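Novice: Those protein sequences? They're chains A and B, same order as listed.
Residue 106 in the working numbering sits at position 83 of the first sequence; the count goes up by one each step and never skips.
Residue 965 in the working numbering sits at position 346 of the second sequence; the count goes up by one each step and never skips.
What the hints contain is simulated information worked out from the structure, not anything from laboratory work.
There may be inaccurate statements among the hints.
[Unchecked claim] Each computed DSS-like pair below joins lysine-lysine, with the alpha-carbon atoms no more than 25 Å apart:
id : chain 1 : residue 1 : chain 2 : residue 2
1  : B       : Lys-838   : B       : Lys-758
2  : B       : Lys-949   : B       : Lys-896
3  : B       : Lys-814   : B       : Lys-886
4  : A       : Lys-230   : B       : Lys-689
5  : B       : Lys-818   : A       : Lys-63
6  : B       : Lys-654   : B       : Lys-932
7  : B       : Lys-737   : B       : Lys-758
8  : B       : Lys-950   : B       : Lys-1010
9  : A       : Lys-63    : B       : Lys-838
10 : A       : Lys-63    : B       : Lys-654
11 : B       : Lys-896   : A       : Lys-63
12 : B       : Lys-814   : B       : Lys-838
13 : A       : Lys-63    : B       : Lys-1007
14 : B       : Lys-1010  : B       : Lys-896
15 : B       : Lys-886   : B       : Lys-896
16 : B       : Lys-838   : A       : Lys-46
17 : A       : Lys-46    : B       : Lys-758
18 : B       : Lys-950   : B       : Lys-886
19 : A       : Lys-46    : B       : Lys-814
20 : B       : Lys-896   : B       : Lys-818
21 : B       : Lys-818   : A       : Lys-46
22 : B       : Lys-896   : B       : Lys-838
23 : A       : Lys-63    : B       : Lys-814
24 : B       : Lys-838   : B       : Lys-886
25 : B       : Lys-737   : B       : Lys-838
26 : B       : Lys-818   : B       : Lys-838
[Unchecked claim] If you anchor each label on the Cβ, the simulated ranges turn out as follows:
id : chain 1 : residue 1 : chain 2 : residue 2 : range
27 : A       : Gly-48    : B       : Gly-672   : 14 to 24 Å
28 : A       : Lys-46    : B       : Asp-981   : 51 to 61 Å
29 : A       : Arg-205   : B       : Arg-701   : 24 to 34 Å
If you're wondering where the values come from, they're calculated on a predicted model, not measured in any experiment.
Glycine included, C-beta positions come from ideal geometry on N, C-alpha and C.
Chain residues, written in single-letter form:
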Amino acid sequence: MSRFLEILAAVLFLLPLPAQAGKLGLGRPALPAEIAAWDKDVRPDGQGLPAGQGSVAQGEEIYLERCAACHGDFGEGVDRWPVLAGGQDTLTDERPIKTIGSYWPYLSTAFDYIQRTMPYGDAATLGADETYAILAYLLYMNDIVDDEGFTLSRENFTSITLPNQPSFRNDDRPRVEYPLFRNRCMTDCRATVEITGRAGTLDVTPK
Amino acid sequence: MSEHEKTDRTRRRFLTTSLAAFGGAAATPALSGEKPDPAITEVQPWRRHLGPGVDASPYGLPSPFEARVKRRNVPWLTADTRSSINFTPLHQLDGIITPNGLCFERHHSGVAEIDPAKHRLMINGLVEQPLVFTLDDLKRFPRENRVYFMECTANTGMEWHGPQMNGVQFTHGMIHNVMYTGVPLRLILQEAGIKASAKWLLAEGGDAAAMTRSIPLEKALDDCMVAFAQNGEALRPENGYPLRLLVPGWEGNMWIKWLRRLELGDKPWMQREETSKYTDLMPDGTSRQFTWVMDAKSVITSPSPQAPITHGKGPLVITGLAWSGHGVVKKVDVTLDGGRNWTEARIDGPRLPKSLHRFYLDIDWDGRPLLLQSRAVDETGYVQPTMKALKAIRGENSVYHNNGIQTWHVRANGEVENVEVS
Chain A
24 MSRFLEILAA VLFLLPLPAQ AGKLGLGRPA LPAEIAAWDK DVRPDGQGLP
74 AGQGSVAQGE EIYLERCAAC HGDFGEGVDR WPVLAGGQDT LTDERPIKTI
124 GSYWPYLSTA FDYIQRTMPY GDAATLGADE TYAILAYLLY MNDIVDDEGF
174 TLSRENFTSI TLPNQPSFRN DDRPRVEYPL FRNRCMTDCR ATVEITGRAG
224 TLDVTPK
Chain B
620 MSEHEKTDRT RRRFLTTSLA AFGGAAATPA LSGEKPDPAI TEVQPWRRHL
670 GPGVDASPYG LPSPFEARVK RRNVPWLTAD TRSSINFTPL HQLDGIITPN
720 GLCFERHHSG VAEIDPAKHR LMINGLVEQP LVFTLDDLKR FPRENRVYFM
770 ECTANTGMEW HGPQMNGVQF THGMIHNVMY TGVPLRLILQ EAGIKASAKW
820 LLAEGGDAAA MTRSIPLEKA LDDCMVAFAQ NGEALRPENG YPLRLLVPGW
870 EGNMWIKWLR RLELGDKPWM QREETSKYTD LMPDGTSRQF TWVMDAKSVI
920 TSPSPQAPIT HGKGPLVITG LAWSGHGVVK KVDVTLDGGR NWTEARIDGP
970 RLPKSLHRFY LDIDWDGRPL LLQSRAVDET GYVQPTMKAL KAIRGENSVY
1020 HNNGIQTWHV RANGEVENVE VS
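Okay, chain B solo, but in the shape it has when bound (with noise of 0.2 Å):
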């Protein structure tokens, strides 16, 4: 036999293979060489004709090519967009940076859209001194730059009763990380003096909902923060423009946007979003309230069910994002068998007290279908558990603060499904 007809009966062998194993995907061409690659030998037109000029897109926006890269909602989920949350697409990012415009959504009375030059913000209640500041005078205290994980408390909440949405953008995309610029919540207060007997702040946002939350005032002089940028940029009015309260590593619903007041008092106000919704109805009735911390959880991003498998056997990135509300991460596992045997994944990139982080393992995938998980560890040395060791304790009513492993189900042909397992 020739050397070209090997060459080219291997060829053949492949092809067929990967036909095989990808339902009829395309193969890439030229793999042996012979045929040449169009992409290389023809100019293409972007190689021989100008392209746009500067400030064709004053604002720059991603290529068309990626027009699929976008926040999504559910549409049977709620009765109203404006009363409604759409999703992240995680399985579409990679780093532990959330783009501005991809930063899921929850609006109770859809989006204010707030003048900064009419936007005020009160501190009243126990203080020396109640005080309202312009956003200028915001920007004359000094500034810090954090970057945060904000995950809605529901995130993952369609899943308690079982496997629910085909896709890591539905099942954990309530979440972002970005880098916020502002002001210690704690300087703001103190300029207006707090009273001895003050134990809680009142956060209030300045929306149709005036959504309000109480908090613990010593968390309040902690780490809070008041924000008015993201990512370098004036926030976006979906995620609070002008102003925003940072509650770090605490459920998002108390980062209130549009924030207009904050209150100081000696007991906690009982309002809906800390009574009615985001307590936790236990088995025996009960339930469980001021349930503030997200725990450390993790998600595998790619490969996911709107992320399969197309290249076939070989080197296969397995990435995802992990994060506690308890500070940093400091390990994560992941598992190719639906939790016999786990591996450490390899994190990459800034480990930051409650943000994001980004890990991968590399593997070298033998077609074998896999029960894929992944598992985080914080430094407090919690492991994240199996969503069926909690609902052992919370029940199946308990829809929040789901922090449970993810499995999902990798077939031979690369497609894979959100399942549970024993």
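For reference, chain A alone in the conformation it holds in the complex (with noise of 0.2 Å):
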């Protein structure tokens, strides 16, 4: 930023905004340094993605150090913790395991999350390269890069699709559901009532 436009800033800084025309005047400006402070989010499109790149080598350096503990060496997850890798192929069966490679749509997506909220309990400390860096050796995990010398980079970032991409389809329930759920039967709207399943039988309910 100009020198110009930093002092700018600063007068605008102190001094109240003037009510515009429906407007109240309340707030201030944010400032540039401010805005990219919190502004961290990245889109499909790539757009908000910083400059940076890390191969897969680094990436999995990075990765047993800081979230292999929970997450596993190969993305398993550790007892309860999120599984990051594989269950390609298992959305139709009756577990399906979701993870980067068989259920996410973009890339973007993890690449935002893991810089806002991961290592958990240690947020925000990932750096740009170290970022690129571990969802290279995501890629690697889920097969979608089989290349170990894959390097991931703000300028191929969105040259990289997943898998799952084209099975995510806007919300239909309003054609497909709701025209089904109209009629308010009041008597006799069914023959016979069998109990199928009982909760008491599984006994999982905390006393």
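Since each chain comes alone in its own frame, lean on the hints to assemble the complex.
Specialist: Below is the structure:
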């Protein structure tokens, strides 16, 4: 930012905003440095990606140090911590496994999420290069890239597509469901009723 | 037989049946009025001695006899309580307002303990002038008071594969209903000047998860609010103190707590909570996304597994809650026989759009086993479906947005179990 803009911003910071038509004149202008500090979100089209890069090998090192304790060396998830890899072709199974490789539609979501909130309990500590590297490793673990020498960067980021992306569609309940659920039957609505399942037999409710 | 003997016999008979019926539950003393009730004849300590003075409890707490009324979690469900959920004790509440201390909690990185003096709300992106507000600034906007339900997308999700949790607190307790005080989001956004190209809003929290969701601008400008109070006092830390977003009628995850930033953009951001989570996996392997509205739903809160019938035959109050993300609930029906025949229940208290409604059905219970269900009909004419009907469309793996009808099996002894019916 130029010196002039900085001074201008500082002046604006001190002066209340003049009330414009329909406005109350509350709040003060956000400074570019403040916006940069908080606006870290990344979109599928790459908007918001920071400059940087990282390789599969670098990612493996960081991952093992900062992520594997919970997510497992191979992204398999330790105990009940989330699974991060595998699960391809399980989405129609009885127990589908949803991971970046099997379920997530966009890679940008993983970049955004990891730099925003991981490692759990030590959030907002990963730099851009580290995040690119971890993602390169996650792509490798999920068989989306098979080249061990792969490096992910802002430049090649949007060329990566995740396999399950075409499977997502917008809410269709208004068309598919709502017309079916309009019958308010009051008497003799069904012939027989049998109990087909009981929570008591499972016995998993806290006492 | 003397009058004396007759009453005595009737009394004995009553005791025998009631003991048999309730598996030995204590019968109310002095039913015939013959043996005086010590609750009346003896001077109780609180009748004789002075109680605590004012200020003994400057922030009042419930009676110690209500100690069992509390939020509860399901320890086996999650690896860590800071990325977890607990449940509102619906079976112990009445009316439509959830007391602040009993509103269920869902955190992704624990409760942010925010110093309000250090809290800011930023607006950036496609606006004429990015702005920063303090809480004091926000309290200078015109305010509104609104009662809304807030339901977690996963409420009743554990029941999708068949009855699992034996208690309405656990099957339906990821919901609360409070009166919020705050500012229409529209007014705050207009202050920054919305650019014509803006179509979406990103809301971001200030906790260690920095939770984010994309919201279509149309909804943001319609009835969304930025709230700083619930039930007349500051938001509770668990519910987003000092500031949270309200997205009325839409899934709870979008109601960003500890709200610190609003960004306007021309496309959705496709955040983790609108892709990896809260999308609905259909039987063919495709997924529904942006399933925001919480459809009409209801549940009987008493009797229910944690609130069995302990008084035997005779007058019985069946009560529960109904709500719809599409507006007001027009009618609630209750069945005693698993859905063969239905009776319209009585809705009592405020009927507000996108708020809980309280219903009652007052019956004379003859002691027969019951298969209790309730069914909400909202202002669009939508009739709450059975879980079976939902599963026929959504398959086995679509655990979110389960608004199916819940069944409670009441036994002759008054015990209640969560069951599934054909």
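Novice: Now tell me if each hint is right for this structure.
Specialist: Structure-based check of each hint:
1. B:Lys-838 <-> B:Lys-758: 22 Å, holds
2. B:Lys-949 <-> B:Lys-896: 32 Å, violated
3. B:Lys-814 <-> B:Lys-886: Distance of about 13 Å is within 25 Å: holds.
4. A:Lys-230 <-> B:Lys-689: It holds: about 13 Å lies between the C-alpha atoms, which stays within 25 Å.
5. B:Lys-818 <-> A:Lys-63: 19 Å, holds
6. B:Lys-654 <-> B:Lys-932: Distance of about 23 Å is within 25 Å: holds.
7. B:Lys-737 <-> B:Lys-758: Within the cut-off at roughly 15 Å; holds.
8. B:Lys-950 <-> B:Lys-1010: 24 Å, holds
9. A:Lys-63 <-> B:Lys-838: 24 Å, holds
10. A:Lys-63 <-> B:Lys-654: Between Lys-63 (chain A) and Lys-654 (chain B) the Cα gap is close to 75 Å, so the pair fails against 25 Å, i.e. violated.
11. B:Lys-896 <-> A:Lys-63: 20 Å, holds
12. B:Lys-814 <-> B:Lys-838: Holds. Lys-814 (chain B) to Lys-838 (chain B) sits at ~16 Å (cutoff 25 Å).
13. A:Lys-63 <-> B:Lys-1007: 43 Å, violated
14. B:Lys-1010 <-> B:Lys-896: 19 Å, holds
15. B:Lys-886 <-> B:Lys-896: 19 Å, holds
16. B:Lys-838 <-> A:Lys-46: Roughly 21 Å separates the two Cα atoms, so the pair holds.
17. A:Lys-46 <-> B:Lys-758: 15 Å, holds
18. B:Lys-950 <-> B:Lys-886: 38 Å, violated
19. A:Lys-46 <-> B:Lys-814: Given that 25 Å is the threshold and the Cα spacing comes to 15 Å, the pair holds.
20. B:Lys-896 <-> B:Lys-818: 23 Å, holds
21. B:Lys-818 <-> A:Lys-46: 21 Å, holds
22. B:Lys-896 <-> B:Lys-838: Holds. Lys-896 (chain B) to Lys-838 (chain B) sits at ~21 Å (cutoff 25 Å).
23. A:Lys-63 <-> B:Lys-814: At roughly 21 Å apart (the allowed maximum being 25 Å), Lys-814 (chain B) and Lys-63 (chain A) satisfy the hint.
24. B:Lys-838 <-> B:Lys-886: 14 Å, holds
25. B:Lys-737 <-> B:Lys-838: Given that 25 Å is the threshold and the Cα spacing comes to 29 Å, the pair is violated.
26. B:Lys-818 <-> B:Lys-838: This hinted pair holds, its Cα atoms lying about 10 Å apart.
27. A:Gly-48 <-> B:Gly-672: 14 to 24 Å: About 49 Å separates the Cβ atoms of Gly-48 (chain A) and Gly-672 (chain B), which means 14 to 24 Å is violated.
28. A:Lys-46 <-> B:Asp-981: 51 to 61 Å: Hint holds: Cβ distance 54 Å, inside 51 to 61 Å.
29. A:Arg-205 <-> B:Arg-701: 24 to 34 Å: 43 Å, violated
When each numbered hint is compared with the structure, violations occur for hints 2, 10, 13, 18, 25, 27 and 29.
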